[in-house]
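Visitor: Sequence:
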Amino acid sequence: MKDRIRLIMEDQHLTQKSFSQLTGIGEASLSSIFNDRTKPTLNHIDAIHKKFPQVRLEWLLYGTPPMYIENENQNDASSTPSSSSPDSSPAIGGLAFDFDDDASLSAAEASSRASSSNESSAASSQMHQGSLFDQPNMPGVNRTPKNQPHENVKYIDKPQRKITEIRIFYDDQTWETFVPKK
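Throughout the sequence shown, residue numbering follows our numbering, covering 1 to 182 in sequence.
Incorrect hints may have been included.
Keeping only pairs whose Cα atoms sit at most 20 Å apart, straight-line, the calculated PhoX-like set for lysine-lysine is [what the hints assert, rightly or not]:
no., residue 1, residue 2
1, K17, K50
2, K181, K154
3, K2, K50
4, K2, K17
5, K2, K39
6, K2, K51
7, K181, K162
Calculated from the structure, these hints are not laboratory results.
Modelling step: build the complete structure from the supplied sequences, incorporating the hints.
Guide: Here it is, written out as structure tokens:
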């Protein structure tokens, strides 16, 4: 199971620290899982599934393929009256391919196909919502602005310090003070 957790991290381009921050799993717990000191608990699996709902639980728990849930929202969208026509374009990987001539479509059919296409693309974006490239504002990931001008800081030297007094304390509770000549 630790290999499947690591595969999710690699697939989402996350470091161990950013993955632990994203899922809410402690960094020490995650490290213990990867070093075989402990096994993932149900709380760990639940936290991963909440942040990555596109990952199938069966795959996470038992390793049965496929890794990701096939887009069920597209099947729901295909059962709507607008896309249940026999000449509707097939939806593959969240993209609708339309081979019909747009001029031969009526305005109502064109708008219904466009809304069906928007639904499938929205479902596709939900399917990969944990991807690093789709979410530019992920917690723990700071973007560096490009071509930021560098400011030069000039340190001014302080004047050289001079000794004003030296005191020596002895164990018989006496002391001597030495002052340099000016």
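Visitor: Which hints from the list above does the structure break, by number from lowest to highest?
Guide: Checked against the structure, the only hint that fails is number 2, while the rest are satisfied.
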